[in-house]
Amino acid sequence: AQSVAQPEDQVNVAEGNPLTVKCTYSVSGNPYLFWYVQYPNRGLQFLLKYITGDNLVKGSYGFEAEFNKSQTSFHLKKPSALVSDSALYFCAVRDSRFSSGSARQLTFGSGTQLTVLP
Amino acid sequence: DAGITQSPRHKVTETGTPVTLRCHQTENHRYMYWYRQDPGHGLRLIHYSYGVKDTDKGEVSDGYSVSRSKTEDFLLTLESATSSQTSVYFCAISDLNSYNEQFFGPGTRLTVL
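Chains as they are written, first to last, in the working numbering: chain A, 1 to 118; chain B, 1 to 113.
Just so you know, these hints were derived from the structure itself, not from any lab. One or more of the hints may lead you astray.
Claimed, not checked - Pairwise CB distance ranges, derived in the manner of DEER restraints: (1) Ser80/A - Gly16/B: 51 to 61 angstroms; (2) Thr17/B - Thr52/A: 42 to 52 angstroms; (3) His10/B - Glu15/A: 31 to 41 angstroms; (4) Ala14/A - His10/B: 31 to 41 angstroms.
Said to hold, decoys possible - DSBU-like mimics (lysine-lysine), calculated; alpha carbons at most 35 angstroms apart, straight line: (5) Lys53/B - Lys49/A; (6) Lys69/A - Lys22/A; (7) Lys53/B - Lys70/B; (8) Lys11/B - Lys49/A; (9) Lys49/A - Lys69/A; (10) Lys70/B - Lys11/B; (11) Lys57/B - Lys49/A; (12) Lys77/A - Lys49/A; (13) Lys57/B - Lys70/B; (14) Lys57/B - Lys69/A; (15) Lys69/A - Lys58/A; (16) Lys49/A - Lys70/B; (17) Lys22/A - Lys58/A; (18) Lys58/A - Lys77/A; (19) Lys22/A - Lys57/B; (20) Lys53/B - Lys11/B; (21) Lys57/B - Lys11/B; (22) Lys22/A - Lys49/A; (23) Lys57/B - Lys58/A; (24) Lys77/A - Lys22/A.
The structure presented is a predicted model; accordingly, all values stated were derived computationally and were not measured. Where is the CB? At the ideal position from N, CA and C, for every residue including glycine.
Could you build all of it, start to finish, from the sequences and the hints given here?
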């Protein structure tokens, strides 16, 4: 079974400082990893994904994520936080071995609320 | 929200009544999903569809049924709503040739009294 852990329910950071939102995962095969962001009263928006290749993935709005296979982590980062980055962030994983059926589905973490303080 | 609409956006109903939520897409994507979002649980998959009339259960399917008679529409039905089904429901879609990168609708907030 696959799983995702987001160990921090809440992350606070000052505007202009770097931010990190943590994610660790567990899958039997190689992972496909995703980050989504949710603004209040909105659906989830795709930020970035890791499929294969370069461990540093760049996405929307200046976000990037680093895949670390030995630590089974996929932490979301941004060099300089903005107040407008305040939102709920979700990490998700699926096992790359399966192309159909229930095993193809994404498993989401419980979410991390990011607050950027002015 | 990527050509996905959900209706209604808000609904208040009473325990024991049937409720149907609709998801409509204009992207012609093969896969469609229903999730529920609850504090502390993230998103949990209720049901999904991999084609017209092809559906399967997700993690939390008890008390829910789905139907997909057209590519663009995916219906979620609560046959007899319970208070535990108070939640925010999201529809998502993905393309056959993607890595299951999913695109989400705006959500439906359902309150069961």
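Tested hints:
| no. | hint | in the structure |
| --- | --- | --- |
| 1 | Ser80/A - Gly16/B: 51 to 61 angstroms | holds (52 angstroms) |
| 2 | Thr17/B - Thr52/A: 42 to 52 angstroms | holds (48 angstroms) |
| 3 | His10/B - Glu15/A: 31 to 41 angstroms | holds (33 angstroms) |
| 4 | Ala14/A - His10/B: 31 to 41 angstroms | holds (36 angstroms) |
| 5 | Lys53/B - Lys49/A | holds (30 angstroms) |
| 6 | Lys69/A - Lys22/A | holds (14 angstroms) |
| 7 | Lys53/B - Lys70/B | holds (8 angstroms) |
| 8 | Lys11/B - Lys49/A | holds (34 angstroms) |
| 9 | Lys49/A - Lys69/A | holds (15 angstroms) |
| 10 | Lys70/B - Lys11/B | holds (24 angstroms) |
| 11 | Lys57/B - Lys49/A | holds (25 angstroms) |
| 12 | Lys77/A - Lys49/A | holds (13 angstroms) |
| 13 | Lys57/B - Lys70/B | holds (19 angstroms) |
| 14 | Lys57/B - Lys69/A | holds (31 angstroms) |
| 15 | Lys69/A - Lys58/A | holds (17 angstroms) |
| 16 | Lys49/A - Lys70/B | holds (30 angstroms) |
| 17 | Lys22/A - Lys58/A | holds (16 angstroms) |
| 18 | Lys58/A - Lys77/A | holds (10 angstroms) |
| 19 | Lys22/A - Lys57/B | holds (30 angstroms) |
| 20 | Lys53/B - Lys11/B | holds (26 angstroms) |
| 21 | Lys57/B - Lys11/B | holds (24 angstroms) |
| 22 | Lys22/A - Lys49/A | holds (15 angstroms) |
| 23 | Lys57/B - Lys58/A | holds (34 angstroms) |
| 24 | Lys77/A - Lys22/A | holds (9 angstroms) |
The structure agrees with every numbered hint stated previously.
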